[in-house]
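Colleague: Chain residues, written in single-letter form:
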Amino acid sequence: MGTPVKDVELKDSAPQNLLLDKHVAYIEAYSAKKDEYEYVMTEYLRMSGIYWGLTVMDLMGSLDRMSREEVLDFVKGCQHECGGFGASIGHDPHLLYTLSAVQILSLYDGVSSVNVEKIIEFVSSLQQPDGSFYGDKWGEVDTRFSFCAVACLALLKKIDAINVDKAVNYVLSCMNFDGGFGCRPGSESHSGQIYCCVGMLSILNRLHHVQADMLGWWLCERQLPSGGLNGRPEKLPDVCYSWWVLASLKIIGRLHWIDRDKLVRFILACQDEETGGFADRPGDMVDPFHTLFGIAGLSLLGERQIRGVNPVFCMPEDVIKRIGVSMQLL
Amino acid sequence: MHGRLKVKTTAEQQEAKRKEREKKMKLYNAATSKIFQKRQGQEYDQEALELTAQILSANSDFYTLWNYRKEIFLAFKEKSTEDELHKLFEDELSFLEACLKGNPKSYGCWEHRCFVMLTMPCPDWDRELMLCNKYLEYDERNFHCWDYRRFVVKRAQVTPEAEFEFTTSKISSNFSNYSSWHYRSKLLPLIHPDPKHPGGVKDDVLIKEFELAQNAFFTDPNDQSAWFYHRWLLGRAEKQLAIDCVYVSRELRRVMVRLSKPAKIGADLSLQVSLDGVQCTGEWTTPANSNDHSLLWLFNLTAPLDGNEHKVMVAMEGSSRSCTLKDGDEKASSVDEVKPGTLFSYQLSAATSDTLTQELDACQQLYELEPDNKWVLLTIMLLMRAIDPLKYLKETLEHIDTIIKVDPCRTNYYKDLRSKFLIENAIEEQGLSAKSVDLSNRELTTLRHTEYMCTAERIDLSNNKLSSLPGCESFQCVKELELKGNQLKSCEKMECLPLLEDLSLTDNSISTMEGLRPLTLCSKLKKLNIMGNPLCEQDDFVEELRNMLPSLDTLIT
Ligand SMILES: [Zn+2]
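Sequence order for the protein chains is A and B. Each residue of the first sequence is one higher than the last, beginning at 1 in full-length UniProt numbering. Each residue of the second sequence is one higher than the last, beginning at 1 in full-length UniProt numbering.
These are computed hints drawn from the structure, not numbers from a lab. Some hints here could point you the wrong way.
What the hints assert, rightly or not - Quick look at which bits of chain A chain B covers, simulated, 3 or more residues with Cβ under 8 angstroms:
#	region
1	106-117
2	183-190
3	227-235
4	254-267
5	278-284
6	298-309
Said to hold, decoys possible - Chain A side only, calculated, beta carbon under 7 angstroms to chain B, not exhaustive:
#	residue
7	Tyr37
8	Tyr39
9	Val40
10	Tyr44
11	His80
12	Glu81
13	Glu140
14	Asn205
15	His208
16	Cys220
In this text, a Cβ means the ideal position worked out from N, Cα and C, and glycines have one as well.
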């Protein structure tokens, strides 16, 4: 009895070169078609969508094709009295979209155009006595929110607004037998969650808690024969994991443990030659989310046509330098 | 955004789809604006429930609408009778079930279900548990459902023992179920805690688990779940925080301490230094001057140490270590030598040696059947390391060569692992107080355990494959550093080496003056060999280098 490996096969006809111009055109067009079905139906995550689009454009050196004023007006319009941001105008404030808003503002060097004090108040008010973070006032707890809170405050240079030791201890209580991290204590390891926890520990200079060799092994075992990475054992490969797994490996100094060339081939095969953009897997529909993570992954892998990406914040390295945020990398 | 296959469509189909979408969008826009309007007016009624249900059943990640529903339910709770409420909440649970059918991975749905269960009167937790069973039958890896299950279990007062049984039944129906193995790793220490090791599991229980994992990987040797679990069972002993080494340098007026595990002085522990019985005041720093958690810590004495004998004691709560600097000596250190072969076994040694030997035998049997199975090879290597790293070195290295052939994707992982093994053995063989450490000609691709070389004065890393020197800031006593024949591009972190006098970088990949800049801070550096680096092909580099490092006596290019 053998379990077949879940994987995909790359066709010879799949794209093998980076189609940068097409991706720029795809993102530009996507943001312009505001009354299209796809766009309307994803309004509940608009703030993150804008962050994905702007970041990938900046990484491709085309941020100037986006409308700074329009974006900043939108972001400002999404801030609530409590200080948090919603995904869109009139949508409820949440840490996920507050981080996206702060990332957009940082990208555009426009943080001063919103009420920063209030953001800090909002973020720190969501910390719980056990160190965890609610995503919003309704009380869902997740280590993703720990990352959002810490990343937000780091970009705003106000880390001391929360109880750092408690925040760290909570995240450590979500560490698992495989060296990875889950959503809450007891939850299974997942690459996205690992990225959040390792990123958060990196910002707070606590990476010594990570069992880097153990976790690095688990992470490099995410690479499948196709070259693509999955997010958990026995799952299909997906371009967004090229980001979460790779960035985590980069943070713990073990990026070279995967086969670079094979992964590059897989990511490139997920491009859509007709429309531009990247899909989760070859032959699927493209979207801005996978386009950002495809491009950011290629950047980490050293693709020279793309600007350097910061592995913790998933933002251009020079933006992080300009703000002067420091982090620990093993 | 996931798993949507792109299908070729005709112009006709596209037009039909466009029309259909336009219709949907109109409905969507009308409904959402109505909803937001009603919410603005604080209308918490049946109509609002119906409108939001329309949108959420197709778009379950629209979190704001779930929030509105929560407000509606809280409002109803104020004004409805018990029976009305019961029906409302029951309907909501059915609605959520329908939503989850369409989108079993929606964070919003699962979270809202938690809210409903916590808010409704007399929630039926047992029914929820059955629901989880049903969902996990459909998808045994849905982590949302597993998390919801843990949420329910806590409230339904299900015992960890019962949950453990559940994972056993899941695993026996399909070994390849990572989620169940994971859950077991959480439950075992709760049910059978090892009184000797916090977080550990009792020996007799461990043996049963080893059997289960063996069963799984004998059935399917390529199933990674059981192997990861097995790796965990082997365990990793948690060290007690202690002072492993104290070193004093008269010349640098400095005390160096190596702890048994990384810690931050001032935050995790306080360390007192006393000189001839008098407590000293001063600052602790780390070799890289980061003041982060570290194994190595440096303490600068404010008063000079005259030529006489001095006794330095470093103390923390529950442990101390002293070291006597003899009359006329430049330095002294205190460290316990460890029985060869045991220094690093803590990384893999929660199990008893009998158990380890049995496991090795079992894996050797499987290896006979499956000589190309990477999981077997890797596990054999780790077991050998745990049992006797020195005795098994030759076999371990042969297995590394094989595993690189059968799993070339992870070549660099295995090479780094090999480097780690070789460095551990070298430290074990050469002893913790060796003045000279020889790590040459070993094809090392990375460095590990550099803290254990903190008192070495000569370190030979020549003829390896190092492209960087992670942790080299720990070489606090090194005077002679031999790095010939590597792939170094810079001298990163060498600025932290206060005693460095003689550095050989012959045959490396240094191509810029910038790469050598850290050496400007090595005030004792007298001799530098950079023959055979790309930099040597640049014009005027000798003059530039002389200017940058004016105190060099010997520069070999
Ligand atoms: Zn994806």
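Colleague: Tell me if the interface restraint on A/His80 is satisfied: Cβ within less than 7 angstroms of some Cβ in chain B.
Modeller: violated, 12 angstroms
Colleague: Can you verify the interface hint for A/Glu140: is its Cβ closer than 7 angstroms to any Cβ in chain B?
Modeller: Status holds, d = 5 angstroms.
Colleague: Let me know if the C-beta of A/His208 comes in closer than 7 angstroms to any C-beta of chain B, holds or violated.
Modeller: Since the shortest Cβ distance to chain B is 4 angstroms, the answer is holds.
Colleague: Quick check on the hint: A/Glu81 CB to chain B CB, less than 7 angstroms?
Modeller: violated, 15 angstroms
Colleague: Holds or violated: A/Tyr37 as interface residue toward chain B, Cβ cutoff 7 angstroms?
Modeller: With a closest approach of 4 angstroms, the A/Tyr37 hint holds.
Colleague: Is the interface hint for A/Cys220 satisfied, with its Cβ closer than 7 angstroms to some Cβ of chain B?
Modeller: With a closest approach of 5 angstroms, the A/Cys220 hint holds.
Colleague: Closer than 8 angstroms Cβ to Cβ for three or more residues is the test here. Does the region 254-267 of chain A pass it with chain B?
Modeller: The restraint on the region 254-267 of chain A holds, since 6 of its residues have a Cβ under 8 angstroms from chain B and three suffice.
Colleague: Does A/Asn205 hold up as a contact with chain B if the rule is Cβ-Cβ below 7 angstroms?
Modeller: Holds, about 5 angstroms.
Colleague: Are 3 or more residues of the region 183-190 of chain A near chain B, judged by a Cβ distance of less than 8 angstroms?
Modeller: holds (count 7)
Colleague: Do at least three Cβ atoms from the region 106-117 of chain A come closer than 8 angstroms to Cβ atoms of chain B?
Modeller: violated (count 0)
Colleague: Classify the hint on A/Tyr39 as holds or violated, based on whether any CB of chain B lies nearer than 7 angstroms to its CB.
Modeller: violated, 10 angstroms
Colleague: Counting residues of the region 278-284 of chain A with a beta carbon closer than 8 angstroms to any beta carbon of chain B, are there 3 or more?
Modeller: holds (count 5)
Consistency note: the structure conflicts with the earlier hints numbered 1, 6, 8, 11, 12.
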